[in-house]
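Participant: Chains as they are written, first to last, in the working numbering: chain A, 1 to 284; chain B, 1001 to 1344; chain C, 2001 to 2250.
Keep in mind the hints are simulated off the structure, nothing from the lab. Check before you lean on any hint, since a few could be wrong.
Beta-carbon label-pair distances, calculated as ranges [stated by the list, open to error]:
#, chain 1, residue 1, chain 2, residue 2, range
1, A, Met1, B, Ser1288, 49 to 55 Å
2, B, Leu1116, C, Gly2177, 32 to 38 Å
3, A, Thr86, C, Asn2039, 25 to 31 Å
4, B, Leu1283, C, Gly2177, 36 to 42 Å
5, A, Tyr255, B, Glu1164, 36 to 42 Å
6, B, Asn1004, A, Leu274, 54 to 60 Å
7, B, Leu1116, A, Thr86, 23 to 29 Å
8, C, Asp2142, B, Gln1293, 36 to 42 Å
The structure presented is a predicted model; accordingly, all values stated were derived computationally and were not measured. Glycine included, every Cβ here is placed at the ideal spot set by N, Cα and C.
Spelled out, the chains give:
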Amino acid sequence: MLTILFDGIAYGMLLFVLACGLAVTLGLMNFVNLAHGAFAMAGGYITAVLMNRMGVPFLATLPLAFIGPAILGLVLERTLYKRLYTRSHLDQVLFSIGLVFMAVAAIDYSFGSQQQLIQLPSWLQGRVDILGVQVGLYRSFIIVICGALVVALQLILTKTRFGSRLRAAVDDPRVARGLGINVSLIFATTFAFGSGLAGLGGALGAEILGLDPTFPLKFMIYFLIVVTVGGTTSITGPFLASLLLGIADVAGKYYVPSVGAFVIYTLMIVVLVLRPQGLFERAR
Amino acid sequence: MSTNIADHVRSSLVRRGRWGIGEILFWLIAAATLYFLPERHLILNEIAIIGLFALSLDLILGYAGIVSLGHAAFFGLGAYTAGILARDGLADPLLGLGAAAIAAAILGFVTSFLVLRGSDLTKLMVTLGVALVLGEIANQASWLTGGADGLQGITMGPILGLFEFDIFGTTAYAYSLTVTFLLFIVARRIVVSPYGLSLRSIRDNPLKARAVGIPVNRRLVAVYTLAAAYAGVAGALLAQTTQFVSLDVLAFHRSADVMLVLVIGGVGYLYGGLIGAIVFKVLQDVISAWTPQYWQFWIGLILVIIVLAGRERLTERVRTLWKGVAGRTAKSPETLPKTSTREV
Amino acid sequence: MTIALETKGLVKRFGGLVATDNVSFKLEHGARHALIGPNGAGKTTFINLLTGVIKPTAGQIFLEGQEITGLRPELRVQRGLARTFQINQLFPAMTPLETIGLAVSERLGGGRDWWRVTGSKREIIDEIVEIAQRFRLTDVLDERTSNLAYGKQRLLEIAVAFACRPRVLLLDEPAAGVPEAERHELLATVAALPRDVSVLLIEHDMDLVFSFADRISVLVNGALFTEGTVEEVSTDPRVRAVYLGESVDE
Ligand SMILES: Nc1ncnc2c1ncn2[C@@H]1O[C@H](COP(=O)(O)OP(=O)(O)OP(=O)(O)O)[C@@H](O)[C@H]1O
Ligand SMILES: [Mg+2]
Chain A
1 MLTILFDGIA YGMLLFVLAC GLAVTLGLMN FVNLAHGAFA MAGGYITAVL
51 MNRMGVPFLA TLPLAFIGPA ILGLVLERTL YKRLYTRSHL DQVLFSIGLV
101 FMAVAAIDYS FGSQQQLIQL PSWLQGRVDI LGVQVGLYRS FIIVICGALV
151 VALQLILTKT RFGSRLRAAV DDPRVARGLG INVSLIFATT FAFGSGLAGL
201 GGALGAEILG LDPTFPLKFM IYFLIVVTVG GTTSITGPFL ASLLLGIADV
251 AGKYYVPSVG AFVIYTLMIV VLVLRPQGLF ERAR
Chain B
1001 MSTNIADHVR SSLVRRGRWG IGEILFWLIA AATLYFLPER HLILNEIAII
1051 GLFALSLDLI LGYAGIVSLG HAAFFGLGAY TAGILARDGL ADPLLGLGAA
1101 AIAAAILGFV TSFLVLRGSD LTKLMVTLGV ALVLGEIANQ ASWLTGGADG
1151 LQGITMGPIL GLFEFDIFGT TAYAYSLTVT FLLFIVARRI VVSPYGLSLR
1201 SIRDNPLKAR AVGIPVNRRL VAVYTLAAAY AGVAGALLAQ TTQFVSLDVL
1251 AFHRSADVML VLVIGGVGYL YGGLIGAIVF KVLQDVISAW TPQYWQFWIG
1301 LILVIIVLAG RERLTERVRT LWKGVAGRTA KSPETLPKTS TREV
Chain C
2001 MTIALETKGL VKRFGGLVAT DNVSFKLEHG ARHALIGPNG AGKTTFINLL
2051 TGVIKPTAGQ IFLEGQEITG LRPELRVQRG LARTFQINQL FPAMTPLETI
2101 GLAVSERLGG GRDWWRVTGS KREIIDEIVE IAQRFRLTDV LDERTSNLAY
2151 GKQRLLEIAV AFACRPRVLL LDEPAAGVPE AERHELLATV AALPRDVSVL
2201 LIEHDMDLVF SFADRISVLV NGALFTEGTV EEVSTDPRVR AVYLGESVDE
C-alpha cells in the first residue's frame, strides 16, 4: 500500500518537473504547446545516447539533458513560437501538433522505433526496506531531486526579482510592459527554462516512463491534465495536480488494471467542465 | 425605389443558395472517376470517406466555431457500430449506416453539453478526453470490439440487395461517393438556411447572437449532434468498405489528421474538407512512395508551414480561388474568429 | 401610464465592489428616458443585469409586469427587450444585410428553419428593407461589416436591436465615438422610432440627453442618485456637483 503511494509520489513529482514548463507557457504566454513532450523526449534521448554510445555516467548526462532542450527551446521560441503568441488556440495547437509529428518521425529516423533502455548506476538500483515499506532507491532519488527542484522553483518565483517580474507578467502582460519589464525576454527565458526542465524530466523518467519516439504523444495528455486541472497561475496547483495524477495512475494500474486510464480521462473531463479554471484555482 | 431594394436584398440573400458551375463540375468529375480511374477506386473511396469526415468537422469548426481535437470519437463509434452489426449478421450496409449515424448522434448530443462553455483550450481538452475515453472503452471491451486485434469477420451484404462489394473497390467507391454527395447536399442546404446563418453569427460573436434572441446553446447542440452523425456515417463507410475496424479509428492521430485535412482545404466553405481530403491523400500517396515510414514528418512540416504562413489568409485565398472557379459572386468571405469576444 | 420595465432592489456585487446598489427603477411605457452618471457609475452593469448577460446578486426585474429575473438573455429578447452595446458588438464577417436578416428571421421563428434558403420569405425581405431605410443603411447593405465606417456600424448596432421589434430598447451610449456632426442625426433616428417602443438611453453628452429625453435618472456609485424631468435634473445643483466631481452631502 505505502509502496504504491511512494511510487505514485515519485511518478507525480516526475510529472510535475515534466509539465511545469507547460504550465508556465500556458499561464504566461497563453500558448498551448502540445509539443512540450518533444523537449522532454529530447532530454531523454540525450541521456540515453550519451550513456549507451559514449559511456558517459548517468549523473553527468543530466545537466546536458537540461541544457540541450533549453537551448533548443530558446531557439524555437525566438524563431517560431513567438510569432504565434497572438494567434488563436487552434492555430497554436495545429502548429505544435505539427512539431510533434516532425519530432516523432525525426527521432524514429535517427534512432529507430525501439525503446531506449538506460542502465542505471548500481547505487540507484534495488529497493530498501524502511520501516516495513519497500522503497525503490531510484524513486527516492527522483523524489529528492524533484523535491529540490520544486523548492528551488518556488523560491525563484517568490524571492527573486526575476520571479516577481514573471508573476507580474503572468498577471497582466500589458501592465507589466508598462512598468518597464522586458516581457519578451521573460518569455524567452521561461520558455527555455521550462523546456530544459522537461528535458531533465525526460532523462530522469526514461527508466520509469519508458522512452521511444512516441513519447510526446503518449504523455501529452498527462501534461495537459496537469495544467488544466492544476491551473496556471501558481506552481502549487500543477504540483498538487501532478501528485494526484501520479498517485491515481499508479494506484489505478495496480488495483483496477482493467479500468485503466479510463477513470483519469473521465475525471479530467469532469474537472474541466465543472472548474474550467482548474481544480485548485479560485474562479477569477 | 423600395421594390428595387427589395429585389436586391432577395437576390443577395438567395445567391448563396445557388449552385455554381464550378461546384457542378466538381461533382461531375468525381462521378466521372468511377469510369475513368478504375484502378484508383480504393484510394478514391478513402478520399470520399475522409472528405465526409472533414466535412462534418467543418460543420462545427467552420460554421459554429467549436474547436475539437476528438472528432474521431464519432468516427470510431460509427465504425464500430457498423462493424459489429455486420459481424453479428446484420449485413445490410444501409442499416449499418443508419445505426452508426444514430449511435454517433446520441454520443454527440450527450457530449455537446460539455463543449458549450469554456475557452477553446477547454473545448480542445474535453473533446480530446471524450475520444480517449472511448478509445479506452473499445480497448477494454475486447469481447465486443476485438480489442487490440481489431474487429474481425465483417462480411457485408449487397447494397440495397443489388450491388455486391467487389475487390477493386468500385462498388465501395460508388457507395461512399453517393453517401458523401447526399450528405453534402444536406449540409449545403443547411449552411445557407436561416439556421446556418444563425450558426455563423454564433461563431462570430455569441454574445451578440444572444442579444438578437438566438438560443445559442440549443443551436450548438443541434449542429454538434448533426456533425457527430456525419462523422459516424463516415466511420461506418470505412468499416463497411474495408470490412475491418481497429482501435486506430479512435486514435488521436485520426482527430489530428482530419483537422489537418480541413485546414489544408480551408475552413468554413464546405468544400474545404473535400479538397483537403484529395490533397492529403494524393500527398500521402506520393510521399509514401518516396519515403514510406516518415510520412508523418512531412505532415508535421506541412502543418507548421500552413500555420506560420497564416492559415486564415491561406484559407481566404483558396476560398476566393474556389469562388472564382465556382463562378459565384457571393461577397463577404468569412474568417474564423479569434478566441471569442468578451467585453460587454 | 403603464410600466414597461421595472426593477426592485437590484444589487450586483463584483467581489467587494458594489456595482449596482439597490436600484429600484421604473421605465414607463413609451418613455424616452435617459440614464446618466459619471464613468464607472454602473450604467452598463445595470443594462447587463436587465438583459441577463450577468446575474444579479439580489433583486428582481419585471418586463411589462412579468418577472424575468432568471430568464435567459435570448428569451428576454423574444419577450421584447433589446439592447445595443457601448462597444460595438457586431458580426464582423457578415454583411449588414445578413445581420439584419438574421435578427428578423430569428424573430419570425426562422432560426429553426434549416431547409429553406435565407431570404425566400417575402415578409422577411420587406422588413429588412424597411429597417435598412429607417437607419440609412441601404447603400452599404452588401459591405463587410468590419469595413463599414464607424458611424454606420453604430447605426447597424441600433438597427439590429430594432429588428428584434422590442417593446423596450436599451441603448448604451449609442453615439459614443461618433463624430459630432453625425450625433444629432443618429439621435434623431432614435427619437423617430415608433412611440410604442420605450427607450432607455445612456449618454454622456448632456445636449443630446436634454434634447432627447423626457425623464432622466442619475446613477452614482451604483445607486440611483436622483430622478426627474429634464427641468428638474438639469437645474439640480447636486447633479452638477456630481458631474464636476465634487463631493456632495445628501
Ligand atoms: N465583470 C466585471 N467584473 C468586475 N468588475 C466589473 C465588471 N464589470 C464592471 N465592473 C466594475 O463595475 C463598475 C461599473 O462599471 P460599468 O461599466 O457598469 O460603468 P459605466 O457606468 O457603464 O461606466 P462608463 O460610463 O465608463 O461606461 C466599474 O468600477 C467596473 O470596473
Ligand atoms: Mg458603460
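Participant: With reference to the structure, classify each hint as holding or not holding.
Facilitator: Results for each hint:
Take Met1(A) and Ser1288(B): their Cβ atoms lie about 51 Å apart, and the range 49 to 55 Å holds. A hinted range of 32 to 38 Å holds for the C-beta pair Leu1116(B) and Gly2177(C), which are about 33 Å apart. Distance hint check: the CB atoms of Thr86(A) and Asn2039(C) are about 29 Å apart, consistent with the given range 25 to 31 Å. Our hint of 36 to 42 Å for Leu1283(B) and Gly2177(C) is violated, since their Cβ atoms are close to 49 Å apart.
The hint said 36 to 42 Å for the Cβ distance between Tyr255(A) and Glu1164(B), and at roughly 51 Å that hint is violated. Roughly 55 Å separates the CB atoms of Asn1004(B) and Leu274(A), a value that falls within the hinted 54 to 60 Å. A C-beta distance of roughly 26 Å is found between Leu1116(B) and Thr86(A), which places it inside the suggested range of 23 to 29 Å. About 52 Å separates the C-beta atoms of Asp2142(C) and Gln1293(B), a value inconsistent with the hinted range of 36 to 42 Å.
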